[in-house]
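**Q** Residue strings, one per chain:
Number of protein chains: 4
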Amino acid sequence: MLNVAVVGATGYVGAELLRLLFVHPSVKVACVTSERFAGEPLCNKLPFLHKRYNLTLETYGADKIASIADIVFVALAHGKAMAPVHQLVQLGRRVIDLSADYRLPSAGLYQKWYRTRHLHPKLLRKAVYGLTEVHRADIANGGLIANPGCYPTGALLAIYPFVKEGLLDGNREIIIDAKSGISGAGSVATARTHFPDTHENVTAYDVGVHRHIPEIERGMMRMGIKVKTVFTPYLTPINRGILTTVYLPLVKSISRATVASLLKVYKNEPFIRERVEAPSLSAVRGSNFCDIFAFLAASGKTAVVMSAIDNLGKGAAGQAIQNMNVMMGWEETLGLAAPGFYP
Amino acid sequence: MLNVAVVGATGYVGAELLRLLFVHPSVKVACVTSERFAGEPLCNKLPFLHKRYNLTLETYGADKIASIADIVFVALAHGKAMAPVHQLVQLGRRVIDLSADYRLPSAGLYQKWYRTRHLHPKLLRKAVYGLTEVHRADIANGGLIANPGCYPTGALLAIYPFVKEGLLDGNREIIIDAKSGISGAGSVATARTHFPDTHENVTAYDVGVHRHIPEIERGMMRMGIKVKTVFTPYLTPINRGILTTVYLPLVKSISRATVASLLKVYKNEPFIRERVEAPSLSAVRGSNFCDIFAFLAASGKTAVVMSAIDNLGKGAAGQAIQNMNVMMGWEETLGLAAPGFYP
Amino acid sequence: MLNVAVVGATGYVGAELLRLLFVHPSVKVACVTSERFAGEPLCNKLPFLHKRYNLTLETYGADKIASIADIVFVALAHGKAMAPVHQLVQLGRRVIDLSADYRLPSAGLYQKWYRTRHLHPKLLRKAVYGLTEVHRADIANGGLIANPGCYPTGALLAIYPFVKEGLLDGNREIIIDAKSGISGAGSVATARTHFPDTHENVTAYDVGVHRHIPEIERGMMRMGIKVKTVFTPYLTPINRGILTTVYLPLVKSISRATVASLLKVYKNEPFIRERVEAPSLSAVRGSNFCDIFAFLAASGKTAVVMSAIDNLGKGAAGQAIQNMNVMMGWEETLGLAAPGFYP
Amino acid sequence: MLNVAVVGATGYVGAELLRLLFVHPSVKVACVTSERFAGEPLCNKLPFLHKRYNLTLETYGADKIASIADIVFVALAHGKAMAPVHQLVQLGRRVIDLSADYRLPSAGLYQKWYRTRHLHPKLLRKAVYGLTEVHRADIANGGLIANPGCYPTGALLAIYPFVKEGLLDGNREIIIDAKSGISGAGSVATARTHFPDTHENVTAYDVGVHRHIPEIERGMMRMGIKVKTVFTPYLTPINRGILTTVYLPLVKSISRATVASLLKVYKNEPFIRERVEAPSLSAVRGSNFCDIFAFLAASGKTAVVMSAIDNLGKGAAGQAIQNMNVMMGWEETLGLAAPGFYP
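Protein chains in written order, with the working numbering: chain E, 1 to 343; chain V, 344 to 686; chain Z, 687 to 1029; chain Y, 1030 to 1372.
Chain E extracted, bound-state conformation (with noise of 0.2 angstroms):
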């Protein structure tokens, strides 16, 4: 069995993390850490997981819990995970980072949009974005993984089959329209996710100034193309799910068919579902899914695809445990087989 620790345990991902790892036949968990709620057994805090583990919650301590755990997975807020990642890795431990601490390729960058000075620069340069999909090579590798943005995920994986084959037109914008559910607001209580202000109501935020539109833009850049993207992201109010459709502009007319035979490039992919017709987020939900659909806009210039995923899923713990598998060696669908929930 291998030993797993989850720093900062009991957040909306933390608590997805220990859910899918109970199931993970060659895991356990062994350690897991929150500073606000240290002391406090951990099913205080997340009671579904109650008569199912049997833990306390620690304060994060990096040689205690690289004595503990070969694999840590970091659950921590942006700008709070950088320091404990560089002493885990520092101190011999594999990392998986779900903040978006080690995500964007330079220090410049993330102090643009993140406004901090990154700590670590050398190992921001290291670290493997890890879009298991797209970088399964360099994440089987991997010391740190930066575990993608929930956004990000969604739009890169209906993206990549159009840059491999060389249609995305460069010179002209991509258009992103993302709608997700509230958990990606995370669980701290905010004027923003009240109920009553969230329920019943749709509404752009952050237009022109998300942190994943750097993100978005370098994993295109990794693929090999750069493109200028046009971001809008939405609260809807559901608590989990993402439903990303990108307007992709092309460098030629291409037919129908040939819009559809694109998505064939994940034909052996476990987790990425080629729909026929809109995907749904309700069949995504609680999976490590990606259902993806496209078509061609009435011009012939336009693609138009949409992906679904689970947010807290394939946009956060279930991709993480993907590549943890892939670090491992593992067959890569090792404890995410499971369906999602319907309804």
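Keep in mind that a hint or two might mislead.
Per label pair, the in silico range of CB-to-CB distance [what the hints assert, rightly or not]: (1) Ala-77(E) <-> Leu-398(V): 32 to 40 angstroms; (2) Ala-600(V) <-> Val-1217(Y): 30 to 38 angstroms; (3) Ser-449(V) <-> Val-962(Z): 45 to 53 angstroms; (4) Ala-77(E) <-> Thr-1019(Z): 41 to 49 angstroms; (5) Lys-112(E) <-> Asp-892(Z): 34 to 42 angstroms; (6) Lys-1293(Y) <-> Gln-111(E): 56 to 64 angstroms; (7) Asp-892(Z) <-> Gly-1108(Y): 31 to 39 angstroms; (8) Lys-912(Z) <-> Gln-111(E): 44 to 52 angstroms.
Residues on chain Z that point at chain Y, a partial pick, calculated with CB under 7 angstroms [said to hold, decoys possible]: (9) Thr-879; (10) Pro-882; (11) Gly-1015.
No wet-lab data here; the hints were simulated from the structure.
Where a beta carbon is used, it is the ideal one built from N, C-alpha and C, also for glycine.
Using the hints, position chains V, Z and Y against chain E.
**A** Here is chains V, Z and Y on its own, set in the frame of chain E:
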């Protein structure tokens, strides 16, 4: 035109008062206050009022308000209303207090349940409990109306016909099981009202200790009967509405026909509707209506009565305006005639 | 008092018309029809209207309605409105048709998209498209108003300022990504609107084939420009509201200040509100407002414009009553002044 | 591997069975049937199972199923399960019937409540009521398990500790007030479950006539006590979950400590969790857990007990699999160990 002020205008009750007062043909909102947002345009905090109100939020000042307004609606949190209400009454204004501060009949009881010393016990004893259909005559002459809480309104209107006919058995407990929307918890974000923890969830809260228990029991005493209550309130994932089921022990077996006929006491009430089947919150949403339905348990010894109200309407702002109409000798439906929302 | 009839009164649009007409100071609802429920009291089907309306649902009869009503609102399904509208116009009544039957400019186009032969192409050509803010003068004199669809209303009001200033590039596609509440799907239960499949779900539908596509494109032609659209509608789990984002290719780079200033065309409109940040459906719910916000993509060549409406308000019944007010030469806000619902 | 069949696989209960059976280490789903969709790939009807199941829906045939499957789960509507269940038992298969057809102890009672003549009264008398924690021994040897209804499961597990200790007063009514999610109404769209009429609404239904009344009363008789119930079920706008509050008249006054200690009867149960505060549906969603909480009314003569279950989990598919595990002599948690979903 009657000039009114709304003290504490930016919460959900304040917002509902402003929504309703806007269409009241005989009233002008002359002043709105907010300690937190004083100086800001009202519509910055309540964007739905943009292009309808052009007021600036002011800090509360008793003299200023007394000089501007004939009637003052106080929509502050409990504890915070006590002093302003007293000041305004001293200055000769008629006040409708939507907080809990003047609802209980004695300072001792207030202190026991609200853990705050009541500063104005004399005024407390003079306050009129504003359950319109039951205390209309007193309200008409009242200087200070203690507008009922949302749960007490739904429960007491359901219980009243049985007390009136002497059918309620005071030696046994009545059970009140009440399902509320989330706006009842107020407009300030809290852990309890964070969307992902509230959505797709139903939970009871404040079991056995909810502050509306003494208000309901005193409400029944004002009708002339002393009964113990078991009161269970729930949060359900909707914005507006309280569906209350009361299980009433009867002094004798009665017939189904009798149960139904009891509701005729409300026949001429403009805001109470006798229903012949279980009521829906969707029929009262956004209105000042209270829909009531009664049936008999198989034993014939227990009446089951359901009431549906909008907690912000009949359960707060709607009833407050109804009380103002009574105080002014106006038609009771003035400004309140509009049906609610469907769907 | 103007006597009006509502043909097709029991659907959501009919219900909203009745809700709004009840508070209209110059109108009396003289007749309500329903083929399915004729003979039943209106309030059996629409319990929220109990103790407010005392009408019985009637079968439709052209002569009877023409003899009772000065203006007729037709809220039937598309295909079913065509003949009654024609009859009533023949009988000299002014008609506001809320179906799609008279919105497209030619019988051919209607047949192509609705797969039904249009029986009255001559009347079709005479109908006035009722987008109030754009076609006010024609509406004032119109005998038959084709009330716009919900999506076209939200999209066209967002696009209009850019067409008016000649900034929209007709050689490129505009992208319209519109998130709708479920009431837009009508009041009849279908698999698509079954609660457990709709709740906690977001999905696109009718991709590339939605019948509002030609209505939007013709709406732009009526403004003087021919542009192709990519239109993606979504169902989101709310009752009311459409949040529309349009991505507009511009003929030239413009500044942020210019984008913002374009919305001043609506400065004196009583129902359109220029917003300085992304609009929320919660601010327009239950009202006739359209909140609009515009910003510039980083490239400077694409404007992103968002509009928020209540699909039953400005997107249907509200705009219909606004059009009636224009037709009658009344103040446009008559009966529509009330703010919407919050929360 | 045990081969199982799911008869009636496309409803919500069928879907949940397939979700759970997929991760069961000792079971293979060998056959899925659907009369409406026979011939179609399972995943066309249940897209969330895509890339996980590769089965085609078949028509039901007793011989075929008996030849393939060792245990058969029947998830048909009541009335439709009666004959297939009988056939399969005749052919020597062990059957877990999730319909209501074999839950009541006599054909007469069945006919009274379900208005259908029972065709197999002899088998009816032999069926074992599958409330696992109460009837474990009988289930182990049972040939036909009548899997309990969702409401009876939640209610009876809450009541059981009080009956066991002889504290329930059989001379007075018990009151059961149960709030259900909408999936309990099934997967077929109906007016009652149309999104806009269900969302933002709470309503009671089948007041006094719900078919789970006799099941609950017989369930108590199986525990050894005869009591009358007042049962009020509600639809609340969530997908999954039943929160049940039972108000239990006691034969004598007991202390708070006694009430709490009664729940210790469940201490070693893997799926029942004693809670020290009001339970939340969010803690049991997607799981086979039943969370229970008990407290004492102020009078000391009424116990108030709350239970939270997932109606599709412990209330249907989860308990069915738990029963299969008991029947096979397996660890009871096999395939059911996973925690539910949070958030």
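**Q** Confirm or reject each hint.
**A** Do the hints match the structure? See the list:
Under the hint 32 to 40 angstroms, the C-beta atoms of Ala-77(E) and Leu-398(V), about 39 angstroms apart, fit the expected range. Checking the proposed 30 to 38 angstroms range against Ala-600(V) and Val-1217(Y) shows it holds: the Cβ atoms sit about 36 angstroms from each other. The hint said 45 to 53 angstroms for the Cβ distance between Ser-449(V) and Val-962(Z), and at roughly 51 angstroms that hint holds. Taken as a hint, the range 41 to 49 angstroms holds for the pair Ala-77(E) and Thr-1019(Z), whose Cβ atoms sit roughly 47 angstroms apart.
Between Lys-112(E) and Asp-892(Z) the beta carbon distance is about 41 angstroms. The supplied range of 34 to 42 angstroms therefore holds. In this structure the hint that Lys-1293(Y) and Gln-111(E) lie 56 to 64 angstroms apart at CB holds, the actual value being about 57 angstroms. As the Cβ distance of Asp-892(Z) to Gly-1108(Y) is approximately 37 angstroms, the hint placing it in 31 to 39 angstroms holds. A beta carbon spacing of about 47 angstroms between Lys-912(Z) and Gln-111(E) agrees with the range 44 to 52 angstroms that was offered as a hint.
Checking Thr-879(Z) against chain Y by beta carbon gives a least distance of about 5 angstroms; that is within 7 angstroms, so the hint holds. For the restraint placing Pro-882(Z) at the interface with chain Y, the shortest Cβ-Cβ distance is roughly 5 angstroms, inside the 7 angstroms limit, so the hint holds. About 35 angstroms separates the beta-carbon of Gly-1015(Z) from the nearest beta-carbon of chain Y, more than 7 angstroms, and the hint is not met.
Consistency note: the structure conflicts with earlier hint 11 alone.
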